[in-house]
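**Q** Read in order, the letters of the sequence shown correspond to residues 9 to 142 in the working numbering.
Hints are not guaranteed to be accurate.
Okay, the calculated beta carbon distance ranges per label pair [claimed, not checked]:
id	residue 1	residue 2	range
1	E104	G127	17 to 27 Å
2	G57	P113	38 to 48 Å
3	P124	S61	16 to 26 Å
4	S95	M128	18 to 28 Å
5	E119	Q25	37 to 47 Å
6	G76	Y130	31 to 41 Å
7	I137	Q25	35 to 45 Å
8	A107	A55	15 to 25 Å
9	D110	A55	21 to 31 Å
Hints are computed from structural coordinates only; laboratory data are not their basis.
All C-beta atoms in this analysis are idealised placements derived from N, C-alpha and C, irrespective of residue type, glycine included.
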Amino acid sequence: MHDLEPIAARLSAGGIQPTPQRVKVAAMLLAEPQHLTADQILARLRAAGERVSKATVYNTLNLLAEKGVVRQLAADGQRAWFDSNVSPHFHFQDVETGALTDIAPPEVQFERLPPPPPGMEYAGIELFIRLRRV
9 MHDLEPIAAR LSAGGIQPTP QRVKVAAMLL AEPQHLTADQ ILARLRAAGE
59 RVSKATVYNT LNLLAEKGVV RQLAADGQRA WFDSNVSPHF HFQDVETGAL
109 TDIAPPEVQF ERLPPPPPGM EYAGIELFIR LRRV
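Could you put together the complete structure from these sequences and hints?
**A** Written out as structure tokens, the structure is:
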């Protein structure tokens with residue numbers, strides 16, 4: 009696995025104690041801009057020879073999402089995806105594979121949004137455009 013010091017520092021900056029297992033889980037997702045499920049991360053860690061439990065992977069990913077280090081996405085209602093890109097953006101989703109692809113905000117235009125209910129304000133917009141092969 010790559011140099012893990014920057015990952016440990018990123019966890020610390022996010023208020024997360026950088027235990028060796030947390031750092032390894034985070035490094036697998038944060039190595040590049042990507043969208044992975046907990047099971048995909050677990051499989052990659054085990055393929056790399058790491059001994060880590062499924063519970064550790066899930067707990068770490070949930071903590072990373074809670075602290076804003078990664079984004080947790082519920083794109084298809086079947087599984088949670090974890091996104092290493094926490095900046096505002098939208099997604100294409102392949103309906104066959106579930107794979108997600110980022111869409112930059114300038115590529116999407118909302119003409120008009122309905123007013124929020126009284127006492128509420130917009131906190132964000134999640135947009136998933138589902139695609140199938142032709």
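**Q** Does the structure break any of the earlier hints, and which numbers would those be?
**A** Violated hints: 1, 3, 6; rest satisfied.
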